[in-house]
Amino acid sequence: MPLDFFLVAHHAPDFDDGPGSLLPRSGPLRAAIVLVGTAVAGGAILLIWALGGLAPAKPPLTDPGTPVTNDMFTITLHEAELVENEILGTLEVRVRADLTSHHTEPFWPAELRLILNPKLTPGDVELKATSAFLERRPDTPAGMIQPEMPEEVVLTWPMPEEETDPEKFEGVAFTIMGAELKSGFTDQSESWFPTDKVIANVSLPFEKG
Amino acid sequence: MSGSFVHRALTAVLSLVLLALIMGAHSLILSDSDQTEPIASSGDIGSTIDADRYTIKVEKVQITQSIADGDDSGIQASFETEEIWVIVWATVTSTSDTLRNVQADLDTGDGYTYSMSKLPLNAFGGTGAVFDPGIPVYGAVAFEVPKERLTDPTFRIRLGKGGQDRLSAQANVDLGLYGAELADMVDQAEETVTITPAERR
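Heads up: the sequence lines are chains A and B, in that order. Counted from 1, the first sequence has number 19 at position 19 by the numbering used here; the numbering is strictly sequential. Counted from 1, the second sequence has number 26 at position 26 by the numbering used here; the numbering is strictly sequential.
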C-alpha cells in the first residue's frame, strides 16, 4: 500500500508551475490585488446602478393590427381615440380591439389592466379603471369576457383627473406582459397576474376625430 | 441524571405534540374566500329547489341561433351568434328579502364556465327584475357558448341583496341535457327566441 501511494503521487501533476504561480507569492500583495479588484467591481456595480440599471431587452414595437397572444388572451389592438364621454362629460381613451379569452372561466375587463399596462404618451401616464363594451351593444358595459369567444370590443379608460392639459397627449402605449393564473397574497381565489416577460409593445396614436 | 434526561425527553416530545396540534388547528381555519363563498343547493330541471333565501324552478331550456330583446310591442334589438344561445327560463321566488343582484353561470360540462350575457336587457340581471318576497318572478337568463363546448350543462344562479355575491345563496341546476338529445337540440336550434321582460306571476 505505501508503495502504491508513492507511485501515484509521483505521477501527479506538479502544481508549482501551474496557474497558481500567476498570483504573487507575498501575502500583502495578494491582499492588495483582492482589495483593488473588489473596489473596481463595486465601482462598476455602483456606476450601473447610478445610470439606472441594466434594462431587460425590449421586444421591438409591434404594429397595430397584429394579434398578440399570451396564456390569458389573444388581443389585436387597432386604433385609439381621445373623446368626450357623452354621459359623464369627461375625456376618455377608447381603444378598438379584437379580444379572445383563453381562460376557462369568464374574467372582468378590469383584470386586463395589469397585463396590458396602458400609458398615455408622451409622459408615460398610467391609465386606470378599465371598462369594456362590445361592438354589438356599445351602449351597455360588456360584463365579463367569456372563454374562447372572439369579440370586437372597445376598451375605455378615463383621463386621469390630475391631468390639466390632456391635449398634450399624442397616443397610448401598451406593454403587453405574459400572464399567469395564481392565488393572491390575501385572497385565495385565483386571478391573472403579469409575468416578468414583455410579449409585445404596441403604440397607438390618437386618431383625429 | 437519568431523571433529568427523562424530564427533558418528555418536554421535547410534548413540545412536538403541541406543535403538531397547532399546525393541525391552523389547517382547519377557513380562508377568507371560503368564509364568504355562496352557499349552494342543488337540484334538477323541473323541480323546485330551496336555496334558503329563495326558491327556483327551471321551467325550460331553449337553444337558438339568435335572440331578440323585446316584448309584444316590438323588438328593440336582436343578437345573432356564430355559436349558440342557451336560454334558461325559470321562476324565482324570494323568501324574506327583496333581492336585486343576480349572477348566473353555465358550466358547460366540458371544464368551461360562461357567465350570463349582458346583451339582452330584458333577462334577469338586466334592467328589470326585482325579486320581492313571496312574489314568483318568471324570466330568462341567456348564455352565448361555443357549440362544441356544450356537453352536460349545469346552470348556477346566485341571488343576493347587494352588489356583491359574498354569502349569497346559490342554486345549481342540472339541466339534464346530454348525448343525442342535446346534439339534436343544437342541430335543430330555433331560429330566434324573444327574451320577454321578467314577469310577476
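Because the hints were derived from the structure by calculation, they are not lab data. Some clues are possibly wrong.
Calculated pairs, DSS-like style, for lysine-lysine (alpha carbon to alpha carbon, straight line, at most 30 Å) [unchecked claim]:
{"hint": "1", "chain 1": "A", "residue 1": "128", "chain 2": "B", "residue 2": "161"}
{"hint": "2", "chain 1": "B", "residue 1": "118", "chain 2": "A", "residue 2": "119"}
{"hint": "3", "chain 1": "A", "residue 1": "119", "chain 2": "A", "residue 2": "197"}
{"hint": "4", "chain 1": "A", "residue 1": "119", "chain 2": "A", "residue 2": "168"}
{"hint": "5", "chain 1": "A", "residue 1": "128", "chain 2": "A", "residue 2": "208"}
{"hint": "6", "chain 1": "B", "residue 1": "147", "chain 2": "A", "residue 2": "182"}
{"hint": "7", "chain 1": "A", "residue 1": "182", "chain 2": "B", "residue 2": "118"}
{"hint": "8", "chain 1": "B", "residue 1": "118", "chain 2": "B", "residue 2": "161"}
{"hint": "9", "chain 1": "B", "residue 1": "60", "chain 2": "B", "residue 2": "147"}
{"hint": "10", "chain 1": "B", "residue 1": "118", "chain 2": "A", "residue 2": "128"}
{"hint": "11", "chain 1": "A", "residue 1": "128", "chain 2": "A", "residue 2": "182"}
{"hint": "12", "chain 1": "A", "residue 1": "168", "chain 2": "A", "residue 2": "128"}
Some chain B residues well away from chain A (every beta-carbon gap over 10 Å; in silico) [unchecked claim]:
{"hint": "13", "residue": "4"}
{"hint": "14", "residue": "8"}
{"hint": "15", "residue": "42"}
{"hint": "16", "residue": "77"}
{"hint": "17", "residue": "79"}
{"hint": "18", "residue": "91"}
{"hint": "19", "residue": "111"}
{"hint": "20", "residue": "132"}
{"hint": "21", "residue": "149"}
{"hint": "22", "residue": "154"}
{"hint": "23", "residue": "161"}
{"hint": "24", "residue": "187"}
{"hint": "25", "residue": "191"}
{"hint": "26", "residue": "197"}
Yeah, the Cβ is synthetic: ideal placement off N, Cα and C, and Gly gets one too.
Results for each hint:
no. : hint          : verdict
1   : A/128 / B/161 : holds (28 Å)
2   : B/118 / A/119 : holds (29 Å)
3   : A/119 / A/197 : holds (18 Å)
4   : A/119 / A/168 : holds (13 Å)
5   : A/128 / A/208 : holds (23 Å)
6   : B/147 / A/182 : holds (29 Å)
7   : A/182 / B/118 : holds (27 Å)
8   : B/118 / B/161 : holds (19 Å)
9   : B/60 / B/147  : holds (19 Å)
10  : B/118 / A/128 : holds (23 Å)
11  : A/128 / A/182 : holds (22 Å)
12  : A/168 / A/128 : holds (19 Å)
13  : 4             : holds (46 Å)
14  : 8             : holds (40 Å)
15  : 42            : holds (20 Å)
16  : 77            : violated (7 Å)
17  : 79            : violated (6 Å)
18  : 91            : holds (24 Å)
19  : 111           : violated (6 Å)
20  : 132           : holds (25 Å)
21  : 149           : violated (8 Å)
22  : 154           : holds (14 Å)
23  : 161           : holds (20 Å)
24  : 187           : holds (21 Å)
25  : 191           : holds (18 Å)
26  : 197           : holds (16 Å)
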